[in-house]
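Student: For chain Z, the structure is supplied; the task is to place chains A and B on it using the hints.
Residue numbers (our numbering), protein chains in the order written: chain Z, 1241 to 1510; chain A, 6 to 539; chain B, 81 to 393.
If you're looking for bench data, these hints aren't it; they were derived computationally from the structure. Keep in mind that the hints are not guaranteed to be accurate.
Where chain B lies over chain Z, by a calculated footprint (3+ residues, C-beta under 8 Å) [claimed, not checked]: (1) 1348-1354; (2) 1441-1449; (3) 1473-1485; (4) 1490-1500.
All residues carry an ideal CB built from backbone N, CA and C; glycine is no exception.
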Amino acid sequence: MRLSLILGGLFSGMAVLAAMLSFVWTPAEITQLAIPDKLLPPSAAHWLGTDQLGRDMLSMIMVGARTSIAVALVAVVIGMGLGVPLGLVAAARKGSWLDETIMRGNDLIFAFPSLVIAILITAALGPSAVNAIIAIGIFNIPVFARVTRGSALPIWTLDYIRAARVAGKGMTLISLQHILPNIANILIVQGTIQFSLGILAEAGLSYVGLGAQPPVPSWGRMLAEAQTMISIAPHVAIVPGLAIVVTVLGLNLLGDGLRDALDPRLRGSR
Amino acid sequence: MIETLDLGVTLTELPLLSRVNLQLKPGKITALVGESGSGKSLTALAIMGLLPTGMRTKGRVELNGDDILTLPEPELCRIRGKRISMIFQEPMTALNPLMTIGEQVAESLRLHEGMPHEAALQRARERLDRVGLPEPRFPLTLFPHELSGGQRQRVAIALAIAARPDLLIADEPTTALDVTTQAQILQLLAGLVRDEKMSLLLITHDLAVVAGLADDVAVMQRGAVVEYAAANDVFRRPQHSYTRELLAAAAHQPRLVLTKADAPPLLEVSNISRSYAVAGKRSETDRLIAVDNVSLTIHEHEAVGLVGESGCGKSTLTRAILGLDPIQSGQIHLSGHDIRAGWRMPKAVRAGMQVVFQDPYGSFDPRWTVEKLVSEPFHLTGRPKDWRDRVAEALFDVGMTGSVMRRYAHEFSGGQRQRIALARALIIRPSLIILDEAVSALDVRVRMQVLDLLAKLRVRHGLSYLFISHDLSVVRQITDRVLIMRQGKIVESGPTSRVLDEPQHPYTRQLLAATPRLPQEIALPAPEKLSDRL
Amino acid sequence: MRRYLLHRLIALGLSLAVASVLIFSVVELVPGDPASYMLGTGAQPETVAALRQQMGLDLPLPLRYLHWVGGVLTGDLGHSFTYKTPVAGMILDRVQVSLPLAVMALALSVAIALPIGMFAAARLGRPGDTIMMGATQIGISLPNFWFAMLLVLLFAVRLRLLPAGGFPGWDHPLAALKSLILPAIALALPQAAILARVLRSALAETLGQDYIRTARAKGLSRSQALRRHALRNALIPVVTILGMQFSFLLAGAIIIENVFYLPGLGRLIFQAITQRDLIVVQSAVLVLVAAVILVTFLVDLTYAAIDPRLRQR
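Extracted from the complex, chain Z is given alone in its bound form (with noise of 0.2 Å):
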């Protein structure tokens, strides 16, 4: 069950420390161009080989790093930051025309379809990663709304919050006392799976020429850059994929891990 937490923190450690080190350090200039250079197989020179233009792969994937987990980040802080505040007034308020309303306008987001909206937005402001991210950010507004609603409502119904109540607590004070802390666990795995998700529309987005806009490199152009040299140097478009998937891999598993290591029905058995 540890392996899980272990890997998983392992990996995404691995995508974060790369991000991380490309601020000071690359092996490789990435916006030096050396065309003779270009799609060399994996060598000592080169670790993960060169691109269509000569640059060096691994310097890529590492600054390409910075965009994922940046743009996939900060959808997540305005996932939560926006769903969970609601997701808790919903379940204060439950049955109220307050709670009907969030719902009805989660289940409408919902209803539509993520990538096209996502498509909808990018083109209406003009393709760059902050409007990635607002992209990403809208839908993950109602999963951390109906997440937390869905989180918090039984526990408004346990004695404990009704002595709170006798002790003369409002809403507010119970939803911040008592809900968010014992719904924080849940919260925080529904992160990282949100993170990972973020990464994967991220990373289609830019594929699909909508993300962050070139020179600043990303995992998802560069596999669209890759794919018509697939078939002469496929490594090109193998490592960009690699690094989404590892690093979606060990965000997956981080949460798996976090999630049975916060779940108090484990704890105090061992």
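Tutor: Same frame as chain Z, now just chains A and B:
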């Protein structure tokens, strides 16, 4: 006949159960009695071969002389349901919600007797008739959610006895049911044992339930049978000290405190009503009336019991009094102040009453320390500088030391948790404490201690209690006055001893008749007589 | 039951109405005037104005919205500015690719997920379960378009078994089907991984219920109890996910359609946005959202078919 010989269960070398020897004879009822965690259910699951993974059995379970513990799983499947059957405590969740009751009973027959569908359904019909669910009111096509808890338990019994097993194991079959339903189910089980010549292993925590029903009684403590004899002997001449303790605790009466008759009223509830819209129906006439024009008064220093079965409206009434749920008509006054439900009830009014709930597990935020939990009501009065001392004082009051203050609720037993809950209720010195089934989830010996504590605290702090319970025998031990509630109305009220000894309303009589009772002439130090206490 | 149905139907209509307003407003936000876009930068202002009037762009917003919705209700989705053909016909053409693709992918996803989920649930916590769940974890982490590229590399470039892209049309049914196989696999695999996990955890949850214990006490073996009692009870979350997946497969295939150069609905929207063909965007998105909402409605009906407690309302 089924016999267990030195039956034991271990979990990774740790013995959970040891040396259980039971002879379960046809046509006999054997009661397996003990407090929670004593190993009763484990014994049942071991006999069924349904222990959780990781647990191992020792000894033998013999079915007509053959050991079944060593049988391979497919063989066991042929025994389960066919030779040995089992029903469980919680009838609400024991049936598959997506399958009709007829199919569920018939499944057993198709499985064990290879009956064709039609024939199995026909037999299912007979079995359901036998357990008291006759046509046309209870067609085979009903789903479990269309039945009440008692009716569902009857279905569970029908499917357990469908293939006419040699042994039926009933694990706390009536604990989740109301007393009147409990009496009916016990009667049904006894009748089945008599008619079908099967043997019944009846597991319960409540000695009174098996009095007059069981032929043999086995008392369990910490994974071992400490006393095993004919029921009469166990009740009249208990040999083991633990059995004597259990019997004494069940019969225990705390010292009664009587209030002066002229005490001023503290809580006045006048003509309150509350109804709910029934799901799926919109018209006004279809509303479920939970509380129907109820009035009651609690005087200062008085302990009043409120007794009723599930669904009688006592929870709604409690929530209304606590100002948690609004009422639709009538008025509630606490020390002359109006109680209006909602988030903005004045703190000073709220501070006049506190509450202790039934569930010792759900009553505390698992992430808060005891000192934080107990001091929570200070929100009403403002937290004094010496709040830690006050918490320690309140804990001391309920018999706990201040050293528990930094610990979390899950580190305590059920009884200790109820003490902490009491400390939380006491800390701001309210005049009224509402005890909502506060001792119902406790084992009998712990219950006795908490009841004693409640009596003591009442004298010490001049408290009033509203003691809500489904159990008449507990109310007898702690209240001055009792109100009997049924279908949203209070049908009878009066001094506790008068209501319980000379009930006027037929419903009260019915409740009393259904309440299980220990044999009167137990060989125990006699409980104090009421007259001694005055 | 009738009440439940009515309730769902009202919700369906309401969602559609709100969705249409939202789509209309978002599309309005897209910068760039379609008329000037069509005529190019050198166009005379008068010509642009004339075209705007012809396209109805000079009307006030609410009126344009009503005009559009009115058209949708009568089956007239307007004319594409760039292709000069009726939008309804264009969408219909594209649906002929998107719908079979979604159905194929969904069927594949179920076919893969069902055995895996049941296999894992039957061995909760044992090695078989751990291995299967590890495998699905990888499946979930695959970006489907990258997986698609790998499939192309293997099956089209190296093995030359299947086409690398394009769609020959349904006049050649066999070739058409063949060209949908790789896209369907690329779409289905990550979805199957999700579905298998949902199924496993739903089964794990129901296996812990009291009625499973009753079934076991009745003499059912572990796997009989799983099949006869747990599976049906675990279906509700599974059906929910299935519904969401179908919506995703119908609309979210944009990227896969791009990889395989398939003329699907998603790609139509994508192209129309880049060409500022707003009437096409509006109507195509509405069709998609309507499909999603309809699927949600069908999922609700399925709930009722599964659970008698819902039928009673």
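Student: Flag every earlier hint the structure violates by its number, smallest first.
Tutor: Violated: none.
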